[in-house]
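K.L.:
Residues per chain are reported as follows:
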Amino acid sequence: MTTVLLVDDSKFTCNRTIEMLREIDPDVNVIPAYLPSKALELVQSQGSTYDLAIIDFNMPEMNGLELAEKIRAIIPYERIVILTASSAFTTHSQTIPEGMHFCQKPVNEEKLRAVLQFQRRISA
Amino acid sequence: MKSGIIQNFREISDAFCDGLATASEQLGELTNFDEMFGFTPVSIHLHSSGADEKSYEKGAEDCCLLEVLDHNVPIGYAGLIFKEGEARKLVGAILKSTSDATELDREKPDVIAEVTNIMMNACLARLAGPLQMKLAGGLPSFGHCPVGRLQDVSSGSEGRILVLRASFENEKKHINGDVTMAIVLKPEILKSAG
Chain G
0 MTTVLLVDDS KFTCNRTIEM LREIDPDVNV IPAYLPSKAL ELVQSQGSTY DLAIIDFNMP
60 EMNGLELAEK IRAIIPYERI VILTASSAFT THSQTIPEGM HFCQKPVNEE KLRAVLQFQR
120 RISA
Chain S
0 MKSGIIQNFR EISDAFCDGL ATASEQLGEL TNFDEMFGFT PVSIHLHSSG ADEKSYEKGA
60 EDCCLLEVLD HNVPIGYAGL IFKEGEARKL VGAILKSTSD ATELDREKPD VIAEVTNIMM
120 NACLARLAGP LQMKLAGGLP SFGHCPVGRL QDVSSGSEGR ILVLRASFEN EKKHINGDVT
180 MAIVLKPEIL KSAG
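Chains G and S are the protein sequences, given in the same order.
With numbering that gives the first Met the number 0, letter number 92 in the first sequence gets 91, and the count goes up by one each step, no holes.
With numbering that gives the first Met the number 0, letter number 120 in the second sequence gets 119, and the count goes up by one each step, no holes.
Hints should not be assumed to be uniformly reliable.
Calculated cross-link-like contacts (lysine-lysine; reagent style PhoX-like; alpha-carbon spacing at most 25 Å) [claimed, not checked]:
(1) S:K95 to G:K110
(2) G:K10 to S:K107
(3) S:K95 to S:K107
(4) S:K88 to G:K10
(5) S:K172 to S:K107
(6) S:K107 to S:K171
(7) S:K185 to G:K10
(8) S:K107 to G:K37
Heads up, incomplete: computed chain G residues facing chain S, CB under 7 Å, no partners named [unchecked claim]:
(9) K10
(10) T12
(11) A84
(12) S85
(13) A87
(14) T89
(15) T90
(16) H100
(17) F101
(18) Q103
(19) K104
(20) P105
In case anyone wonders, no lab produced these hints; they're calculated from the structure.
As the structure is a computational prediction, the values presented were derived from the model and not from experiment.
Note that beta-carbon positions come from the ideal geometry of N, C-alpha and C, so glycine has one too.
Start from the sequences and build out the full structure, keeping to the hints where you can.
P.N.:
Quick look at the structure:
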């Protein structure tokens, strides 16, 4: 069973993403966090249980890349996907860190299938 | 100078239309409607103050705006404006919900904020080139239209304000709304256009 940490301040997006992930793989276990601080608490207490972290870029408290760095400081985690609608990456006001993977919003089943395949490739 | 601005305006107009086309696709993806939302550019013009904003926002019930950032510095805002009941209809359609108005109103800020985030960033990505800016959208904020937002952004600015407006509609579902953007232009853009 794959366990996913999903961090997005939009409950609507979280619910929609969970629904689609379960459609793709009924065994997937998704733990949502609606704020970066909550995600950090979860990683600190049970970080090694997550096979994959899907993190929104545009959030209160800190952006998704900052959160990813903080998560990596707690556990050396390669399986992080940044979910974004932001034009910051298209316009290069934000640079894409090496080794970071991105998924463009709005998510759909095809994009999430690719995200799960990425996680399985890394885990293999 | 005038012909330079007009030439620049054509590029901006084309970019805005491209952005709206992408926004339409993305809204279609969120709603799964058979019929796409149609976007119609209403106006693209330069303002030297935000005075016009007040009249435009009069009568609007729901509004969701995000800050437009250039190199992470706020230089304007962009968002969606809905007449009474329209945002609720869009939320009901996206959630495929037959819930009552109270329940839909509870979901409205979250859903409309995400729709605004996705649609406005699609437009900003296209506009960045012709405006020679590294544009990005900030966090969306849902509420009633804040009169005077543009004045806050433009105060002390030597640049002029580019105001872009469009309407969108799904004829079959009878849902419509407006897109509005106001961006303080760098003085050098206008000068280089001349």
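K.L.:
Now tell me, hint by hint, if it's right for this structure.
P.N.:
Results for each hint:
1. S:K95 to G:K110: The hint holds at about 22 Å.
2. G:K10 to S:K107: 11 Å, holds
3. S:K95 to S:K107: Cα-Cα ~13 Å, so holds.
4. S:K88 to G:K10: Between K88 (chain S) and K10 (chain G) the Cα gap is close to 19 Å, so the pair holds against 25 Å.
5. S:K172 to S:K107: 18 Å, holds
6. S:K107 to S:K171: Holds, at about 21 Å.
7. S:K185 to G:K10: Violated: K185 (chain S) and K10 (chain G) sit about 37 Å apart, past 25 Å.
8. S:K107 to G:K37: 23 Å, holds
9. K10: 5 Å, holds
10. T12: Holds: closest Cβ of chain S sits about 5 Å from T12 (chain G), inside 7 Å.
11. A84: This interface hint holds because 4 Å falls under the 7 Å limit.
12. S85: Check passed: Cβ of S85 (chain G) comes within 5 Å of chain S, closer than 7 Å.
13. A87: It holds, given that the least Cβ distance between A87 (chain G) and chain S is near 4 Å, below 7 Å.
14. T89: At about 4 Å, which falls below the 7 Å cut-off, the nearest Cβ of chain S leaves the hint on T89 (chain G) intact, so it holds.
15. T90: 4 Å, holds
16. H100: 19 Å, violated
17. F101: 13 Å, violated
18. Q103: Where the cut-off is 7 Å and the nearest Cβ of chain S is about 9 Å from Q103 (chain G), the hint is violated.
19. K104: 5 Å, holds
20. P105: 5 Å, holds
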